[in-house]
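One letter stands for each residue in the lines below.
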Amino acid sequence: MTATIYSAARIVTMNPARPHATHVAVREGRILGAGALDELAGWGDYRLDERFAGKVLMPGLVEGHSHVMEGSLWAYVYCGFFDRMDPEGKVWPGLDSIDAVVERLREAAGRLEDPAPPLAGWSLDAIYYGGRRVDRRDLDRVSAERPVGVLNASGHILNVNTKALELAGLLRTGVNHPGIPLGADGLPTGEMKGPDAMAPLGVHTGFDRDLLACDEPGLRRFARLCVRTGVTTAADLANLLPEDAVAMMLRVTGEPDYPARIVSLRRFYGLTPEALIDRALELRGRSRDRLRLGVIKVVADGSIQGFSARLRWPGYYNGAPEGLWYVPPEHLLEIYERALAAGLQVHTHTNGDEATDLALDCMEAALRKHPAPDHRFTLQHCQLADAAQFRRIRALGMCVNLFPNHHYYWGDQHYAVTVGPERAERMNACATALREGVPLAIHSDAPVTPLGPLFTAWCAVNRRTASGRTLGEQERIGVADALRTITLGAAWTLGLDGEVGSIETGKRADFAVLEDDPETVGGERLKDVRVWGTVQGGRIFPAADL
Amino acid sequence: MTTAGPLPVTVVGGYLGAGKTTLVNNLLRQANGRRLAVMVNEFGALPIDASLVEAADERIVSLTGGCVCCSYGEDLVSSLAMLSALEPRPDHVLLEASGVAFPGAVAGTVGLLAGFALDGAVVLADAETVRGRAGDRYLGSTVRRQLAEADLVLLNKCDLAGDAGAVEAWLGEAAPDARVVRAVRAQTPIDIVLGAWTGRAALPADGGPFDHTDGYATATLAPPAGAEPEALARILADPAHGLLRAKGFMRRPDGAMAAVQTVGNRRAISDAPANAPAGLVCIALEARTDFAALRKAVSDC
Numbered sequence: 001m002t003a004t005i006y007s008a009a010r011i012v013t014m015n016p017a018r019p020h021a022t023h024v025a026v027r028e029g030r031i032l033g034a035g036a037l038d039e040l041a042g043w044g045d046y047r048l049d050e051r052f053a054g055k056v057l058m059p060g061l062v063e064g065h066s067h068v069m070e071g072s073l074w075a076y077v078y079c080g081f082f083d084r085m086d087p088e089g090k091v092w093p094g095l096d097s098i099d100a101v102v103e104r105l106r107e108a109a110g111r112l113e114d115p116a117p118p119l120a121g122w123s124l125d126a127i128y129y130g131g132r133r134v135d136r137r138d139l140d141r142v143s144a145e146r147p148v149g150v151l152n153a154s155g156h157i158l159n160v161n162t163k164a165l166e167l168a169g170l171l172r173t174g175v176n177h178p179g180i181p182l183g184a185d186g187l188p189t190g191e192m193k194g195p196d197a198m199a200p201l202g203v204h205t206g207f208d209r210d211l212l213a214c215d216e217p218g219l220r221r222f223a224r225l226c227v228r229t230g231v232t233t234a235a236d237l238a239n240l241l242p243e244d245a246v247a248m249m250l251r252v253t254g255e256p257d258y259p260a261r262i263v264s265l266r267r268f269y270g271l272t273p274e275a276l277i278d279r280a281l282e283l284r285g286r287s288r289d290r291l292r293l294g295v296i297k298v299v300a301d302g303s304i305q306g307f308s309a310r311l312r313w314p315g316y317y318n319g320a321p322e323g324l325w326y327v328p329p330e331h332l333l334e335i336y337e338r339a340l341a342a343g344l345q346v347h348t349h350t351n352g353d354e355a356t357d358l359a360l361d362c363m364e365a366a367l368r369k370h371p372a373p374d375h376r377f378t379l380q381h382c383q384l385a386d387a388a389q390f391r392r393i394r395a396l397g398m399c400v401n402l403f404p405n406h407h408y409y410w411g412d413q414h415y416a417v418t419v420g421p422e423r424a425e426r427m428n429a430c431a432t433a434l435r436e437g438v439p440l441a442i443h444s445d446a447p448v449t450p451l452g453p454l455f456t457a458w459c460a461v462n463r464r465t466a467s468g469r470t471l472g473e474q475e476r477i478g479v480a481d482a483l484r485t486i487t488l489g490a491a492w493t494l495g496l497d498g499e500v501g502s503i504e505t506g507k508r509a510d511f512a513v514l515e516d517d518p519e520t521v522g523g524e525r526l527k528d529v530r531v532w533g534t535v536q537g538g539r540i541f542p543a544a545d546l
Numbered sequence: 001m002t003t004a005g006p007l008p009v010t011v012v013g014g015y016l017g018a019g020k021t022t023l024v025n026n027l028l029r030q031a032n033g034r035r036l037a038v039m040v041n042e043f044g045a046l047p048i049d050a051s052l053v054e055a056a057d058e059r060i061v062s063l064t065g066g067c068v069c070c071s072y073g074e075d076l077v078s079s080l081a082m083l084s085a086l087e088p089r090p091d092h093v094l095l096e097a098s099g100v101a102f103p104g105a106v107a108g109t110v111g112l113l114a115g116f117a118l119d120g121a122v123v124l125a126d127a128e129t130v131r132g133r134a135g136d137r138y139l140g141s142t143v144r145r146q147l148a149e150a151d152l153v154l155l156n157k158c159d160l161a162g163d164a165g166a167v168e169a170w171l172g173e174a175a176p177d178a179r180v181v182r183a184v185r186a187q188t189p190i191d192i193v194l195g196a197w198t199g200r201a202a203l204p205a206d207g208g209p210f211d212h213t214d215g216y217a218t219a220t221l222a223p224p225a226g227a228e229p230e231a232l233a234r235i236l237a238d239p240a241h242g243l244l245r246a247k248g249f250m251r252r253p254d255g256a257m258a259a260v261q262t263v264g265n266r267r268a269i270s271d272a273p274a275n276a277p278a279g280l281v282c283i284a285l286e287a288r289t290d291f292a293a294l295r296k297a298v299s300d301c
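Quick mapping for you: the protein sequence lines, in order, are chains C and U.
So for the first sequence, my numbering puts the first residue at 1; every next one is plus one.
So for the second sequence, my numbering puts the first residue at 1; every next one is plus one.
Don't take every hint at face value.
As the list claims (entries may be wrong) - For lysine to aspartate or glutamate, the following DMTMM-like pairs were computed, each having C-alpha atoms within a straight-line distance of at most 20 Å: (1) C:527 x C:473; (2) C:193 x U:214; (3) C:369 x C:386; (4) C:193 x U:49; (5) C:527 x C:515; (6) C:193 x C:140.
Derived by calculation from the structure, the hints in this document are not laboratory data.
Just chain U, with the same shape it has in the complex (with noise of 0.2 Å):
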């Protein structure tokens, strides 16, 4: 599964200094096998970590375990053309977004672009000051439209606000359609920024929550027999359970496989291999989501 079907793509999003390099420097440490593309918009000063770096040529930079980074400048377009030609082909492009750029957009282009897909918009803010930011009289609009438009907002930088339940009371209202995860210096495990990966040996297929680490969980459902792959992500997408991904696998009534995938409200299903096992992987924060209240109304669909 994982040189086969569309390149998935994460947008990473948010202003200047909510911590965008920091989490993608994070994210290559855990890669774990996982072929990283990074993306990002300005070279200069490269952001990634001298410590990571392997080898660099004009275009694209090698790092250790496979990962690559390269800058997408004025053509973002034939620069993840040049990623998703490579050998052996990356497992996920994170490509983040300038510091005023608006994450929905940004992703708008990507879902226009055959051969990828969509993983979804993560936007992080810092807590200390996202809300000033948002009154700003220059930067305000842009600051709300960035998180309005985010799946997952990374609330970073949660140890020097002084109140950061108050600013994720304010998150609620700023950015509705997003699930909100903490952060002190943008440290978040890898599944919840890139969602699972199925590349991985597979998961028991129906059981947990477990893996309880830093107060997020993770379960393995069964999808049922018969259900519809619409039906059933428009239940783990549903705001009322608190899913902050979910991804896996599930045969569709007429016995074709399907792939289907929640990052926060946003659900993608697409055509999967008939030999792909049907599974599927949730995560969330272990406070927020009621997993037998969960695995009830899956099995009901």
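So here's chain C without its partners, still in its complex pose (with noise of 0.2 Å):
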């Protein structure tokens, strides 16, 4: 069988015997080796290929904690403040104003036919507003007649216009509820803060569970996403996997054009632990190659920013009261037990320093029961662990997967608000994980902030808020750790690093394709490095012609 060799400008492989190359040639989706031509031409036939020959390649990019819903939420109106690329490749001017919000939803409304069906938009940022918040008669102005719904940013904000409150039977006075504040008129002003508040609107705003489930044109834009930034292997970390869902994501992520791995996780809900055990025992033998199965994900609190997150002493810097639980002590021990004594890995959600130091107790003992090598459980968000936790960590074999781009998004909050300075520039310590061995990995949790591994490692390495300000300068780290963290680090988290994270021999012939050399550009441009598609298991995705 004959082999293609492609030249490229240069070959940057995350193979430390190798680092850098100007060759790779691939056989059968698999790489056969990186070097110099005339060291590989020694695997027998091949043919050379040249049209990466400007190009600079890396192995294709890992993320280590996503959700496939990204791609759905894009059948909705993008209302963040951000700039923000979508699956079409087309980039959604970050919106300044709450006017200019208004403008892009009557846009869209203006689209629709039917005067019926809801209007749903996504990723709006209040707090970007001068203190003004968005009212139900804002959104009047996008349409009286269809119901409005907009989720905030952080997902923990629903805001809706007159006739969405009409329908849910909300539009009317003595409603008493701490999520809906109401107007000078006695009625809710449209703003329903946290998931209890939010659900009696979900249903006639779109936001319904239909969302939140995989679908199939979500999980092919999501796929272009991907192609987009770099990414070969993505993480869905918290599906519920329904049997309709397991069957479309094989069938999707079967076809031969479909141009990610994806690796998705089961998450613990609505089973008993010993269910869930089975249900991953079970999922874990239907794996394909772009679709990883078996994997479980425990949510162990809520977010810093919806105030949920479990907070050790002292608690949040604006005296919020303590966060939720979202799974109960026992069962997390349970499950982890059982999860080692059959074989299966556990990702566990812990945002707050208390959740994480309940996972690690819940580590220790159950690893106590049944000493288990090498089973990367990892924590997720992982955001407020300090040094005494990630040397705990280092000591269980655990991993991590920390959330840089929070630093970007809401590191001026979490300094002013939600943690205060001192726990701000600590947040998503890399630097001290590294230095303490922990197996590090670092992650968009997409659709909170955008899938995009060079953006994720530029705020690794530079922790700079929305303002500009440095968020903890000991805790930056260099270029060549953060492109391993977005490599060969998350793929170690998924059990993958023998398949994918280097352009080595024997492994799959994953490749970002970059017209920048992310090596070379400085730390303070990675994220402006431009990427031209990817080739995922040798088969090659032009971004262009998507």
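Build the complex from these two chains, which are given one at a time in their own frames, with help from the hints.
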């Protein structure tokens, strides 16, 4: 069988024994080797492909924590404050005022013929509009006839118009709920805060559970975003994986031109721990190359910006009450024990440091009962971990996947409101994690922040907030560490580091094809590195052709 | 009265092991014609006794006596809507919250939904372990908040606790807004947990206390003519009288009928059909409530 040898301006391999190369040979979707042309010619028949002669190849980037739902949300109107690229490559300019949000929604409403269906928007970030809250009357300017709902960027607030309140039976006085502010007229303002207040409106504004399940167009859109951001493997971190979704995902990812490998984790919900383990084992047996199944996700607490993360003393900087547990501690321990016994991997969402403590206590107890080498249990977000916790994480053989994008999008709020200056500066302590020897990945949590490992790497290198503050100089990491983290680091947490994450003999032929060299552009410009497309399993996906 | 008006929803909360599932099964056995719809957080191992199950499909399990059970998973709102659309419609929804949920938050959502009426939050506490849990580093604040948000605390497993009286005294501080009833193996009369069923044959307009089962007493009161429902409800919910529940109908000063309901300190007043029979059913721990004093307070209202 003839090999294809690609030449490139430079190949950044992430293989420390051979960090750079000029050529890479590919056969049967896998890498024969990286090196000089004369070295690779020894593999036998080859065809030299010079299409990447002016490009830089990196290992295909690995997003260790995202959600396929990012693809689903693009069916709705993007209303964010920051510029954001959609799956078709169009960059939607950020909206700098409530009027601009209304105008974009109104344009979208104008394109709909049927006046009845709801109009839904997402990623509203009202904190950037000078303290003014979005009111139902703002959204009434979009439409008075159809229900309109806009999900906040944090996912914790839903703004609706008068029609939506009316349909939900909430356009009335006397509503007494902590998540529903009332106007001077005694009627709800249309701001529904927290999942309890949002729930009754979701069904009327298009944010029902179907949105949160993985849908086919969303899965396809998600893959296009992967190509545009250089991602060849992405974790879909919290799917409920009902049978119909599994069948659809197997079918779609199995199509010859589906360009990404999806690792879809089964979230612990609606099942007993025992049944969860059985389901994960069953799913594991159905994995295919481009759909990896059988890993478990447990959500231990809420979010910091939603004040639902479990914080240790002294709690939130603004005095908000301690957050919520999303899992009973006994269930977390039982899942750890059963998963270790069954050889299954568990990823645990812990935002607050108290949730991290709980996970570590459970892990310690579970490991005493079921000692397990190389379990790779991973703490996801783990944003507030301190040095002592990282040492414990290391001692227990766990990994972390930190969330540096938070510094850019909410760092100023963390500094001023949620956790205060000192903890804001050590949040997502990438440098400490590396120094303490903890296997490290970094992530976007798309759709919470945009998919894009090179942007995430920029965040970890610079720790810059939206206002320009450098939040925690000591926790910045170097470009080389950041690039390793978005390839081999993330692959390690998914148990795929033997298959992907570096360009070396035997691994999958997964490349990010770049116009610029991330090793030489400098940390300041890492986010500006242009992505030409990807090679995934030896198949070539130019972003321009999507 | 069984299908008209909003569908009542009782939230059942409490930490793991407090007896929520046992209570739900006990209530199903006592349903006695009342069509209960049970909503549970997780299916996996169906927490309903197999002896009660008649048929099951993907979303809903049919139980003996016209009762049903479903899991609500991520979507409480649409699950409630599905239940209220059943034919015949259930008489009462029992919503079992997860072990770490705050009953007040769940109740808050129910209170927002058109077509449903929040009945109250009943929280179970394991008499043997609740004080230890309330001091636990991870769980303490969750358990304390669950109790603080209860209208009614069911102090369960009293046979296992060395000194149930001491636990009950402690609950006076931990759950100051709740009435407390004791139970063993979550055995409690259904009317305590769900309220008297007005779908049944009418009780005597004024009488009692009678029905002295297990230390509980029921009395019926005639609401005084011309009284304001709000004023009457305040008396029924007054902790000094110690009523567990009160429920019934009365004529407003303007002649329209109103439904009045209290669960512990919680009171709710709503419009009632013109043909609703005036009368109030009150349930109390016999030793705690002076019915003569209550009767006087009501008649002076």
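Evaluated hints:
no.: 1; hint: C:527 x C:473; in the structure: 19 Å, holds
no.: 2; hint: C:193 x U:214; in the structure: 44 Å, violated
no.: 3; hint: C:369 x C:386; in the structure: 27 Å, violated
no.: 4; hint: C:193 x U:49; in the structure: 38 Å, violated
no.: 5; hint: C:527 x C:515; in the structure: 13 Å, holds
no.: 6; hint: C:193 x C:140; in the structure: 19 Å, holds
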